[in-house]
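Colleague: Sequences and hints are given; from them, build the entire structure.
Quick note, the sequences are listed as chains B and H, same order.
In this text, residue positions in the first sequence follow full-length UniProt numbering: the first is 1, and each later residue adds one.
In this text, residue positions in the second sequence follow full-length UniProt numbering: the first is 1, and each later residue adds one.
Some hints here could point you the wrong way.
Identical copies look the same in the list; a pair holds intra-copy or inter-copy alike.
[Unchecked claim] Below are the SDA-like pairs computed for lysine to any residue, each with C-alpha atoms no more than 20 Å apart in a straight line:
hint, residue 1, residue 2
1, K21, S153
2, K21, Q156
3, K21, V218
4, K21, P164
5, K21, A31
6, K57, E143
7, K21, D38
8, K21, N216
9, K21, P152
10, K21, Q208
11, K57, S128
12, K21, L200
13, K57, G214
Derived by calculation from the structure, the hints in this document are not laboratory data.
Protein chains: 2
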Amino acid sequence: MPNPTAAMLVIGDEILSGRTKDANMHHLAGALTEIGIDLKEVRVVSDDAPAIVGAVKALSAGFDHVFTSGGIGPTHDDITADCIAEAFGTSIDVRDDARALLRAHYDRNGMELNSARLRMARIPDGASLIDNPVSIAPGFKLENVHVMAGVPSVFQAMVATVLPTLVGGAPLISRSLRVTRGEGDIAGPLGVFAQNHSDLSVGSYPFQKDGVYGANIVVRGTDADRLDRAMETLSEIFAT
Amino acid sequence: MPNPTAAMLVIGDEILSGRTKDANMHHLAGALTEIGIDLKEVRVVSDDAPAIVGAVKALSAGFDHVFTSGGIGPTHDDITADCIAEAFGTSIDVRDDARALLRAHYDRNGMELNSARLRMARIPDGASLIDNPVSIAPGFKLENVHVMAGVPSVFQAMVATVLPTLVGGAPLISRSLRVTRGEGDIAGPLGVFAQNHSDLSVGSYPFQKDGVYGANIVVRGTDADRLDRAMETLSEIFAT
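Modeller: Structure, rendered in structure tokens:
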């Protein structure tokens with residue numbers, strides 16, 4: 001049975017303008033690979049409602065799971081929750097359970113639950129909340145879309161909450177071999193190797209550093225023994 | 001007149017599996033912002049022909065310029081050039097000008113232009129070549145799609161070749177103010193500020209580090225004087 005598939009939607013002008021480097025994609029990719037869910041596509045869009053709504057619809061229809069990051073804070077540019085509601089044609093308003101979480105948190109800290117903070121309790125109808133142990137304001141899940149914060153520490157905490165609830169497939173194991181020869185020399189024998197190991201995924205990732213050309217050959221599969229045997233063969237091919 | 005728009009397509013299993021962190025997105029985003037081309041969307045897809053062809057068609061139709069990275073080397077998993085040809089319904093074969101570049105390079109270095117390396121001279125009909133000063137094998141431009149290498153040093157060299165040929169708009173200038181207060185306290189007055197400066201883009205990017213909550217407020221626009229005045233107002237608002 002093939003592994004479940006996933007897509008990620010990163011929401012944020014700050015990444016598209018080059019101001020910030022996204023850190024959440026790499027974290028989610030690694031975490032999904034570990035539990036056997038195949039991340040097939042990532043999209044980064046700006047804080048623009050039609051772009052967000054369109055991407056949510058396309059990714060939700062195309063993949064088993066969707067994970068979003070960003071745009072669920074209290075400021076005027078946080079429009080993700082409203083866009084998710086629009087994408088699924090459902091209503092959205094401040095919800096009692098989310099408000100209660102926020103009220104308890106701000107009461108505890110002697111802070112006011114003002115109207116801006118209350119925006120973070122706006123949850124689309126029918127969604128279930130995702131726990132936020134870092135800064136309380138919850139994420140949520142609607143249909144197959146998990147809506148999470150953009151701040152990396154909060155995003156990672158939410159991923160840690162969500163992933164154990166998902167049924168993964170066979171974790172993908174990877175082995176790699178570093179070959180310090182140009183890809184053009186590697187390509188012929190590697191192509192034959194890939195054909196002879198069509199049950200495995202064989203990738204070549206070239207590097208070029210300080211005048212040295214080479215490639216990391218990465219072989220991926222779900223059977224560790226099979227992978228080990230394949231890597232022995234590969235080492236023999238490129239031993240000379 | 002609004003700025004030209006752009007999208008980027010990153011091709012590579014290694015990023016979706018979490019093995020590698022993409023570095024090209026951040027570089028291209030910054031370079032485009034400098035010349036006034038608005039990067040509106042980034043997609044990352046795997047080394048899978050239908051996924052690449054579909055993304056190329058969608059992005060080419062939706063934006064003024066498209067930039068791809070990855071998948072143009074000599075190995076069996078380098079399928080980008082063939083996918084671009086398929087997306088535009090054009091034929092592809094080894095082309096004389098590209099072959100001549102490669103032959104001269106490998107002759108100079110006493111290396112063989114074998115059949116794997118010759119794959120890098122496969123260029124879709126009607127495309128123009130993009131110079132590769134680092135490792136010679138060219139990228140190419142077909143319609144509004146610029147096809148470039150994934151190795152960061154080569155990608156950056158190709159970006160440096162391509163961008164001066166494009167007509168940009170007004171470069172987007174950004175100013176930021178770091179406020180060490182929770183976004184919930186900032187949100188109200190910031191929303192009013194954003195409404196009063198609707199010609200500028202106003203974003204709030206929260207951080208949370210060592211127990212300190214705060215946000216970087218980023219204001220973007222094309223008129224430096226206007227931005228400076230807006231930042232003075234913003235500083236006054238959050239001075240207390």
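Colleague: Would you mind marking each hint as holding or not holding in the structure?
Modeller: Verification of the supplied hints:
In the homo-oligomer, the alpha carbons of K21 and S153 lie at most 20 Å apart both inside one protomer (15 Å) and across protomers (18 Å), since each shortest distance falls under that limit. In the homo-oligomer, the alpha carbons of K21 and Q156 lie at most 20 Å apart both inside one protomer (16 Å) and across protomers (16 Å), since each shortest distance falls under that limit. In this assembly of identical chains, K21 and V218 lie within 20 Å of each other by CA distance solely across copies; the values are 15 Å between and 25 Å within a copy. For the homomeric pair K21 and P164, neither the shortest alpha-carbon distance inside one copy (27 Å) nor that between copies (24 Å) is at most 20 Å.
Taking identical chains as interchangeable, the C-alpha atoms of K21 and A31 lie at most 20 Å apart whether they share a chain (19 Å) or sit on different chains (14 Å). Taking the closest pair of Cα atoms, K57 and E143 come within 20 Å of each other only inside a single copy of the chain (11 Å); across copies the shortest separation is 28 Å, beyond that limit. In this assembly of identical chains, the alpha carbons of K21 and D38 lie at most 20 Å apart only when taken from different copies (17 Å versus 23 Å within one copy). For the identical chains of this complex, K21 and N216 are inter-copy neighbours only, at 14 Å across copies versus 24 Å inside a copy, given an alpha-carbon limit of 20 Å.
For a Cα distance limit of 20 Å, the shortest separation of K21 from P152 qualifies both inside one copy, at 11 Å, and across copies, at 15 Å. For the homomeric pair K21 and Q208, the shortest alpha-carbon distance between copies (16 Å) is at most 20 Å, but the shortest distance inside one copy (23 Å) is not. In this assembly of identical chains, the alpha carbons of K57 and S128 lie at most 20 Å apart only when taken from the same copy (19 Å versus 36 Å across copies). For the homomeric pair K21 and L200, neither the shortest alpha-carbon distance inside one copy (32 Å) nor that between copies (22 Å) is at most 20 Å.
In this homomeric assembly, K57 and G214 never come within 20 Å of each other (Cα to Cα): the closest approach is 41 Å inside a single copy and 32 Å across copies.
Checked against the numbered hints listed earlier, the structure breaks hints 4, 12 and 13; every other hint is satisfied.
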